[in-house]
Amino acid sequence: MVKIALEWLASCAGCELSILDLHEELLDLLEHAEIVYAPILMDVKEIPDDIDIAIVSGSVRNEDNKERLQELREKSKTLIAYGTCACYGGITCMADLYSPEDLSARSFSDNKSTEPAEQPSEVVPELLPIVHPAGDLADIDYFLPGCPPKEGLIKDVLIPLIDGKVPEIPKKSVCADCHRQMDHVEFDKLKRRVVGDMDPEKCFLSQGYICLGSVTLGRCGAMCSAAGIPCHGCGGPSLDVLREPNHDVYNCLVNRIAHLSKMPHKDVEKQIYDKGHLVYGFVIGSTIMENKKVSLIPQLIKK
Amino acid sequence: MKQIEISPVTRIEGHAKITVQLDDSGNVSDAHFHVMEIRGFEKFLEGAAVEEAPRITPRICGVCQTAHHIASAKATDAVFGLKPPETAEKLRELMLLGQYVHSHSLHFYFLGAPDLVMGPDSDPAERNVLGIIKNNPDLAKMAIKTRAVGQHITSIIGGKPVHPVTAVPGGQSKGLDAEGRDKLLNDAKECVGLVEAGVEVAKPLFEEYADAIETLGPVETYFGGLTSGGKLGFYDGQMKVIDKEGSMVHEFESNDYLDYIEEKVQPWSYMKFPFLKQVGFPDGSYRVGPLARLNIVDEVPTEKAGALYGEYKDKFGMAQNPLLYHYARLIELMYSAERAVELLEDDAIVGEDIRQGVDSLMTRAEAKESNETLRGVGIIEAPRGSLIHDYETDGAGIIQRANLIVATGQNNLSMDIGVRETAKALIHGEEVSEGLKNRLEMIIRAYDPCLSCATHMINGESPLLVDIHDADGILVKRHVI
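Just so you know, the protein sequences line up as chains A and B, in that order. Taking the numbering used here, the leading residue of the first sequence gets 1, the next gets one more, and so forth. Taking the numbering used here, the leading residue of the second sequence gets 304, the next gets one more, and so forth.
Hint data in this document are derived by calculation from the structure and do not stem from the laboratory. Among the clues, some could well be false.
[To be verified] Not close to chain B: a few residues of chain A, all C-beta gaps over 12 Å, as computed: (1) Leu17; (2) Lys77; (3) Ser113; (4) Glu168; (5) Asn251; (6) Lys266.
[Claimed, not checked] Derived DSS-like pairs: lysine-lysine, alpha-carbon spacing no greater than 30 Å straight-line: (7) Lys150/A to Lys444/B; (8) Lys607/B to Lys547/B; (9) Lys77/A to Lys437/B; (10) Lys534/B to Lys616/B; (11) Lys202/A to Lys386/B; (12) Lys671/B to Lys266/A; (13) Lys567/B to Lys302/A; (14) Lys172/A to Lys293/A; (15) Lys302/A to Lys671/B; (16) Lys437/B to Lys150/A; (17) Lys303/A to Lys567/B; (18) Lys671/B to Lys189/A; (19) Lys3/A to Lys437/B; (20) Lys547/B to Lys727/B; (21) Lys3/A to Lys75/A; (22) Lys386/B to Lys189/A; (23) Lys275/A to Lys293/A; (24) Lys189/A to Lys75/A; (25) Lys448/B to Lys3/A; (26) Lys293/A to Lys262/A; (27) Lys506/B to Lys534/B; (28) Lys66/A to Lys262/A; (29) Lys671/B to Lys506/B; (30) Lys671/B to Lys303/A; (31) Lys386/B to Lys191/A; (32) Lys3/A to Lys444/B.
[Said to hold, decoys possible] Estimated spans, in silico, between C-beta atoms of each pair: (33) Ala668/B to Ala117/A: 11 to 21 Å; (34) Ala117/A to Gln581/B: 17 to 27 Å; (35) Gly654/B to Ala117/A: 19 to 29 Å; (36) Leu739/B to Ile159/A: 33 to 43 Å; (37) Glu63/A to Asn330/B: 26 to 36 Å; (38) Glu669/B to Met182/A: 28 to 38 Å; (39) Ala481/B to Gly221/A: 20 to 30 Å; (40) Pro570/B to Glu63/A: 12 to 22 Å.
Heads up, the beta-carbon is just placed ideally off N, CA and C, and yes, glycines get one too.
Chain A on its own, in the form it takes in the complex (with noise of 0.2 Å):
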């Protein structure tokens, strides 16, 4: 029986609920592979030796996160960093547009339905200046970015490992999956999501609107923009933006809205009025985007 464990950083859940989510193919995938560890659904507290599969969620957000995943990679055959999170950053990495000294300041001192008082210190661990993917600071076989990652991967990825294989899993961007007609529109002013009445058939990016869909990997089925809602980007870079050093989440979108628009450039880059909510949100923690040269990563975080 091929060992799985499951380990959660600094998340929200929703990855270890995408696993549960195959809801009675969850029955089947255990009769191939036994579940050593995960703390949501077991009382085994230690991290057992010898795992085969490890399955590790969230971001790096202190030193607790930090010793958890080193000794998972320690004791683990296969780790796989499973959701936008662990990959990227994902969005717990939008911290550090602020300095974790104005995040506390907010919760405990300086709040409207808190008597003030200082941050806690007893017991709990001290904040790490930035949040990590867990991607960035330990040795990965495979990441799975998704904000969760699609039920059905899961069981895409894990049978084949479980028999030995290398997964094949799809490798194209959000726009691939989406039923949308992109136009060239000329217009000359981008549109906040909550104005006017969205074309439930045509292309955001050619309404207007900010999408991230062309920017992102598409292993999700396009869902959002299937529900009238603009890619926020939460599955991660598309491969294209993580294989060129010279592509970036924000230089690709200004680019495609200036080609679809026949907007000039800087007139594009005027008008997006949020880049690190709306456009690095879910990467901004993450050193492969943050290296890249043409990225604003680094005008953005505060340490």
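Fit chain B to the supplied structure of chain A, relying on the hints for placement.
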């Protein structure tokens, strides 16, 4: 002084530890429930366009993501002064019921019930849902099927099973078509039957563990939650607070929560301690969630859940014992399935008018000049209790300040006191059995705490170790459990 540490508490959402201090004669002098990390959502929402909040805040918690999504969307409605059309309100309520079916069945079957089905002293390697799958596959299949209905509802109404996206300022981005409605209606009807079967399994367990219900986690508090006209409901209503005897002490609208609720920081936990401002800390501690809701309402307005509620009230009256959270949760699970059927049978659910739009917005430059502040408070009943999102934006709708009061925080003091009182009653000396330590965890589990939410935090904690320290704090003995 010696210390017993249980870390991490397992089968809960997020991470925490329990410490128990022993005096020189081996009796418990103090005990606490600690929550260990913070992610800082309240801060990093600042600067975001407020319409992004409903898709940022579900990531506070992947378990009660829909609850955050909807509370957040309600706050954005208020910021822009929008009133969603009837169909949108019903779709949101249905999505929230999907949240309840998934979350309550996840908690009961996957996280809480193993203590009761397998027994609190059973082998910890088997005392989990995987043990139930092995020993009682039919029960496990029923659990999986029930939860799947909740996730299907969220997926179809919310666009995704985890971190839904369709609630937007002024309504919903996507309606429900006739085909989707038929499918969900079948699912919801099947779910009522599945919950009935689950209740039959659970009821004898509450008889069997009557002693544990009486003794574990004793505490008496105020209770709070939303209700409309005394009825159980999750999406809307007024906040009602009752005292220990059941008399109403407050009733208020969401916008006024700051007049009634205050939070206290303790140095040993990142999770804050909300209390009733007009009573003070700690006497004003109150609880929320299923137990609280069944205490504050006069009626559970669906057939089968209403009948279960009647039996429960006759037996337990104003219930204070935390293990009864499990019982109350099952009654709410039944209500959720029945209410989903009601909503799906209502033709308004497939209406086409689903969103009131925003026509225009100020630019950032205009907003800076105008100095206008907009505020929106969204409040709903999340599975674990009342959830408040409060945003202040500039005139362009860019968040300047955000305040979140989540359900689990409101139960923090009760969990802490419950652990301490139980430890005092049960622990004498440093040799403590695994089953006894598990009973302390069972108190925490009863509340179904969502610690990811509670400090908008999570933690990668050390393995479950029981450390015995000597008077100088030097480690003398370490048990790995």
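Holds or violated: lysine 386/B to lysine 189/A, with C-alpha atoms at most 30 Å apart:
Status holds; Cα separation ~27 Å.
Pairwise beta carbon distance, glutamate 669/B to methionine 182/A, judged against the given window 28 to 38 Å:
32 Å, holds
For the pair supplied as a hint, lysine 66/A and lysine 262/A, is the alpha-carbon distance within the 30 Å limit?
47 Å, violated
Is lysine 671/B within 30 Å of lysine 506/B, Cα to Cα?
Not OK: lysine 671/B and lysine 506/B at ~60 Å, beyond 30 Å, violated.
If you check the beta carbons of alanine 117/A and glutamine 581/B, does the distance land in 17 to 27 Å?
The hinted range 17 to 27 Å holds for alanine 117/A and glutamine 581/B, with Cβ atoms some 20 Å apart.
Checking the smallest CB distance to chain B, is asparagine 251/A really beyond 12 Å?
21 Å, holds
Going by Cβ atoms, does lysine 266/A stay more than 12 Å from chain B at every point?
17 Å, holds
Holds or violated: lysine 275/A with lysine 293/A, Cα cutoff 30 Å?
17 Å, holds
So if I understand the rule, the pair passes when the alpha-carbon distance is 30 Å or less; does lysine 607/B with lysine 547/B pass?
28 Å, holds
Given the hinted pair lysine 386/B and lysine 191/A, is their Cα-Cα distance within 30 Å?
Measuring from Cα to Cα gives roughly 22 Å; hence the hint holds.
Holds or violated: lysine 150/A with lysine 444/B, Cα cutoff 30 Å?
22 Å, holds
Please work out if lysine 293/A and lysine 262/A have their alpha carbons no farther apart than 30 Å.
26 Å, holds
In summary, the structure is inconsistent with hints 1, 3, 24, 28, 29, 33, 35 from the numbered list given earlier, while agreeing with the others.
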